[in-house]
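Participant: Assemble chain B with the ligands onto chain A, guided by the hints.
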Amino acid sequence: MADLRVTVAGLSLRNPLLLASGIWGESGASLRGAFEAGAGGVVTKSIGSEPRDGYPNPTIETYERWGMLNAMGLPNPGIDEYPREIAQALSAGAPVVGSIFGHDADEFARLAARIEATGVHAVELNLSCPHAEGVGSEVGQDPARVAEITRAVKAAVRVPVIAKITPNHADPASLAAAAESAGADAVSAINTVRGMAIDVRLRRPVLAHGTGGLSGPAIKPVGLACVWQAFERVKIPVIGVGGITSAEDVLEYVLAGARAVEVGTAVAFEGIGVFGRIAAELARRLDQLGVARLEELVGAAHGAAPPPRTPGGGQGYIPTSV
Amino acid sequence: MNSVRTIVEVSERIPETPSTVTLRFSYAPSATPGQFVMVWLPGDDELPMSLSYTGDPKGVTIKAMGATSRHFLSVEPGALVGIRGPYGNSFDLAPRRILVVGGGSGTAVLAPAAEAAARNGSRLVAALGATTERELLFVERMGRIAETVRVATDDGTAGHAGFVTDLVGPILGQGPFDAVWTCGPEVMMRKVISAAEARAVPVVCSMERHMKCALGMCDACALGPYHVCVDGPVFPAERLRNVPEFATSKRESSGRRVRL
Ligand SMILES: Cc1cc2nc3c(=O)[nH]c(=O)nc-3n(C[C@H](O)[C@H](O)[C@H](O)COP(=O)(O)O)c2cc1C
Ligand code: FES
Chain A
1 MADLRVTVAG LSLRNPLLLA SGIWGESGAS LRGAFEAGAG GVVTKSIGSE
51 PRDGYPNPTI ETYERWGMLN AMGLPNPGID EYPREIAQAL SAGAPVVGSI
101 FGHDADEFAR LAARIEATGV HAVELNLSCP HAEGVGSEVG QDPARVAEIT
151 RAVKAAVRVP VIAKITPNHA DPASLAAAAE SAGADAVSAI NTVRGMAIDV
201 RLRRPVLAHG TGGLSGPAIK PVGLACVWQA FERVKIPVIG VGGITSAEDV
251 LEYVLAGARA VEVGTAVAFE GIGVFGRIAA ELARRLDQLG VARLEELVGA
301 AHGAAPPPRT PGGGQGYIPT SV
Chain B
1 MNSVRTIVEV SERIPETPST VTLRFSYAPS ATPGQFVMVW LPGDDELPMS
51 LSYTGDPKGV TIKAMGATSR HFLSVEPGAL VGIRGPYGNS FDLAPRRILV
101 VGGGSGTAVL APAAEAAARN GSRLVAALGA TTERELLFVE RMGRIAETVR
151 VATDDGTAGH AGFVTDLVGP ILGQGPFDAV WTCGPEVMMR KVISAAEARA
201 VPVVCSMERH MKCALGMCDA CALGPYHVCV DGPVFPAERL RNVPEFATSK
251 RESSGRRVRL
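Protein chains in written order, with our numbering: chain A, 1 to 322; chain B, 1 to 260.
Worth flagging that the hints you see were computed from the coordinates, not collected in a lab. Do not take every clue at face value.
Said to hold, decoys possible - Chain A stretches covered by chain B per the calculated footprint, using a threshold of three residues with CB under 8 Å from any CB of chain B:
hint: 1; segment: 14-24
hint: 2; segment: 45-56
hint: 3; segment: 59-69
hint: 4; segment: 72-79
hint: 5; segment: 201-212
hint: 6; segment: 260-271
Model, not experiment: these values are computed from the prediction. The beta-carbon is built from N, C-alpha and C at its ideal position, and this holds for glycine as well.
Bound-form chain A, shown alone (with noise of 0.2 Å):
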């Protein structure tokens, strides 16, 4: 049987399989309950200083299986009271990521310092969320920024730090690079992407803030570009985000460069067996491929020999006559 059990950002993993931010992410025994459904790891939902509602519903749009929008607006009980939920999966062995979301590098900073005296193993540093107020990709979609945020962090705590970076840039790879330079041990890639949906009968937007950030299979071929372009540009590891529904998705990002992945929306589609499945499918997936570790596979698609050109050999290559 394949070995599944990667090490990223000083986590050690059982499987590449981390639940992604904002998805069972908000009480203690949803997070426990996603690593007995067997993710490999969890990722909390982004917490900031205060408590905060988020935005009114309609909350989500969905597309049959697609892919699914959404403005939650970063609803989270805040730090003062989310310590105990963290304790709840702590104490079923999971390996726990913190999210964190501020206005600036102190806020961030502090935040750090605070989910980091929980006990959870890494910190993830929401640079990305795309439908936030002066949060989120706003403070993340400027690279001195996600610098500054970065290095403050890395000052603040011990433990390993990811900084989650947004597909809503031209060139997310850079987003990576200042991370990369500020000191952080990983980069996950990607947050939702910015997307908005109309009612042609209502004449209005769906979504009670108009536009929010879309995720599912839909971002998967983005999500892939990103991890590939911050796989060239950066030598930390890089965490996978985005449209991951299989095995087959996983080993897609894992070629791309991807160390590890996370699973988002997949989990409103299939349900927490989704992990289960996925891990499972993972390793009968990798013994036909005839690998042992997945770890070998990572960024193995860089550098692969082009596609072969035989001239006249009936694939359609035309030699160009001079």
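Facilitator: Same frame as chain A, but now just chain B with the ligands:
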């Protein structure tokens, strides 16, 4: 999963009590009693609502609680609302003799379940409670299918003066029952459970929690190890036994726990 939102026209508005109205609308996806839909009032919020009518036209019965539910009360026929669902599980119609215990608007979800059970040949007794006589919901509707309907009001304007839970023990003492179905405030349901457990009658509760996605994803409706939107809203009481939040706390929109 009927997760894609459909805009429908409200076909009928039925005032039920001074604080409660029923809205009827055609919505094709099939539903079973116990399930809920997410109802969006354009320009306002979207709320989870149990179906009080699961056939055609479907219906939801809304009690004015917060700002949005108050706005729903003034929705007129012809208005457009967004519907997605139905979501969640439903009542198991197997029990042959059922006591239905509804508190306030909790009766909204029990009525279609009781009707389905009656069609299925089950015999029913109903105990319905409200603050005052005019707030009693679906007394006539339940009267059409139940052998007996008992009522209780806090102010004594109709039936037993006091809690509907006071009626549960005596009714269960009068005959063999093989299930109690209840929906209402959690503290009330907890009392129904203790009264029924004393007589070894299993209880099924329909739970209400704050909801956002209704898809088992956002965690807004987390209740112990469950997500009410997919694991419920209908729970056999034994599944709630080890849930410390039941009847003691709920989660606000932020996910913060507050005492009930
Ligand atoms: C309902 C919902 C809530 C989310 N909340 C957060 C959040 O709080 N913090 C964060 O960093 N990402 C959040 N995300 C983004 C996911 O973690 C993930 O990056 C994105 O959904 C892409 O992965 P997926 O296609 O597997 O869902 C959220 C996504 C969804 C769908
Ligand atoms: S409402 Fe989102 S998980 Fe139930």
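Participant: Hint by hint, note whether the structure agrees.
Facilitator: Structure-based check of each hint:
With 3 residues bearing a CB less than 8 Å from a CB of chain B, the segment 14-24 of chain A meets the requirement of three and the coverage assertion stands. Look at the segment 45-56 of chain A against chain B: 6 of its residues bring a Cβ nearer than 8 Å to a Cβ of that chain, three or more, so the hint holds. Interface restraint, the segment 59-69 of chain A with chain B: holds (6 residues with C-beta to C-beta distance below 8 Å; minimum three). Here's how the segment 72-79 of chain A fares: 5 of its residues keep a CB closer than 8 Å to some CB of chain B, so the rule of at least three is met and the hint holds.
A stretch counts as covered by a chain when three or more of its residues have a beta carbon under 8 Å from one of that chain; for the segment 201-212 of chain A and chain B the count is 5, and the coverage holds. Figure legend: the segment 260-271 of chain A, annotated as covered by chain B; annotation consistent (6 residues with Cβ-Cβ distances under 8 Å, at least 3 required).
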